[in-house]
Amino acid sequence: MAGDLLTAEALAAGYGPVPVLHDVDLRVPPGTIAAVIGANGAGKTTLLRTLSGMLRPTAGRILLDGRDLRGTPVEQLVRRGVAHVPEGRGVIGELTVEENLRLGALWRRDRSDAARALDEVYQLFEPLASRRRHLGHQLSGGERQMLALGRALVGRPRLLLLDEPSLGLAPRVVAQTMALLRQLRDDTGLTVLLVEQNVRSALAVADQGIVMSLGRVALAAPAARLRDDADLRHAYLGF
Amino acid sequence: MSATRAATPPTRHAAVDPVRPGRSLPTLVRHLAVATGVALLVLTVSYQLDSFRNYQLATVAAYLCATAGLTVLTGLCGQLSLGHGALMATGAYSLALAQNAFAERGLTAGGWLAVSLVVAVLATVVVGAVVGVAAARLRGPYLAGLTLAVAVVVPALTVTFDGVFNGEQGLAVPVAPAPAALGSYFPHERWQLWVAAAASLICLVLLANLVRSRYGRSFRAVRDDEVAARLAGIHVARTQVVAFVVSAASAGLGGALLAVLAQSVSPGAFGLTLSLFLLMAVVIGGLGRIAGAAWGAILLVALPDLTHSLTNLFTLSPAAAQRLEGNLPLAIFGSTLIAVMIVAPGGVQGLLSRLARAMRARWPVGRS
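For the protein sequence lines, the chains are Y and C, in the order given.
Here UniProt numbering is used: position 75 in the first sequence is 75, and no number is missing along the way.
Here UniProt numbering is used: position 300 in the second sequence is 300, and no number is missing along the way.
For the record, the hints were derived by calculation from the structure and aren't laboratory data.
A virtual CB, placed ideally from N, CA and C, is assigned to each residue, including glycine.
Be aware that a few hints might be false.
What follows is a list of derived Cβ distance ranges for each label pair [what the hints assert, rightly or not]:
#1 Y:R70 - C:V133: 23 to 33 Å
#2 Y:D68 - C:V159: 48 to 58 Å
#3 C:I202 - Y:R109: 22 to 32 Å
Let the hints inform the model, and build the full structure from the sequences given.
Below you can see the structure in the form of structure tokens.
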């Protein structure tokens, strides 16, 4: 549909002969947060990996602003504005915080805006600003999460693909992360596709809930409906 | 991912080179200042040392290009190369061919040597690019296998095409004497040291700047985590090819300088042993650090000399002495490598910076 930032049509993907995703359709309008929720093994991470170009789809199309992304390598997608923060964060342990962040902007031609973006990230994540010269592997889990997010943000992405940001983090940090996503959406118009096991906190910030089950989209509905409609919640989320 | 790569440094801190606080001078200025200092030092020292030591120091400068290039490739970008001896051979033979071509046309002035050096570097860049493109698709043992093949094939080519390379005999390298302006009694070895040191310093300044630049950061990112590097928008294969080409260019310059110093090239000097020695040298010196490459280069030159002195201590039959001299450097190199890996996994330079850190912690400067 015209107007959506990200569209997947009849998407299928898998690892070797093992298919994981079947016939996935989804639409994410610009400036919204979509939460992909579902049980372990539902294909959430595989969906993100396929959308970010790390995994080649076996069938179907992925459209960013109406342009087909199939076969575009990861590093090229980053330049098109798709930032993927993987599970386990993808922080480079042997580089300092500052170096990690600047890595995220290496490809950018507009050096002055890259420097501005770096400053903004430091304002957003104050703990990072005080640990600029620390190595990635010296950071705590929460700081790594900030660093991974920050590295994605210095590239000024249009679409942020976020895999399990709550994994292994204290509830307070999770709440801060979610609040930050909402703030980024409201202030900068960032579009977020968020994979989460933590259904409540994800639905609290999301505009759209996409429930996955056994590699298919079982339901895509406004997050408010999933939050408030007890029957729907029982049927699809089990609580 | 990095566990399957050959050259992740053994200690986490060893090869990091974190940007230290309190540095305000621009990187290039700082490196140029250091280079000027070293140049002045070499200049002074070249008048104090005898001819043989000058020649040895020049050889260190030549090896230093190769070891510095290798440490950037293996230590920073994580690509193992067992073929850098062959890349040195490429540089050496290219220089020999260029110098001979110039000499045939009567172009014997000293300035043509600079042109020949550039030709040698360019030729090695081409070979390095070909190997590098193949290497960027390979990991761990496969990469080692490919570069090993290069190490074996290149010297063999010089024998196969003996019309061009003159087989085992090799080629003579005509080199102009020191400029007349320096006086007629100016020792040739001192001039050789000046040439080698100047070329080597230019190479090192360029490498040092590269290491500190965005490329250096990309190299380390690719070494540590290819997936994370890609997600940050880094083209991994391209970065690896760049590292290989840069490293090859340095090795080519090193080989060309060796040819200038020896005034000849032959395949025997660039065998597989040289490739292995180069790798051992950068590991012993401290992988991923240019200062470590300097220790490695010194070791490469000092070791044969040391074994020569050692065998002279004993009265041996000429045959036994010759056998010993051939094998002792390998044995000593090997045992040094084992000892260094146990005592100081970060190599000589890693050990030195650990000592320096301990000293600073004990006696903080500026707060006495």
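Structure-based check of each hint:
1. Y:R70 - C:V133: 23 to 33 Å: 25 Å, holds
2. Y:D68 - C:V159: 48 to 58 Å: 54 Å, holds
3. C:I202 - Y:R109: 22 to 32 Å: 30 Å, holds
Every hint, counting from the list given before, is met by this structure.
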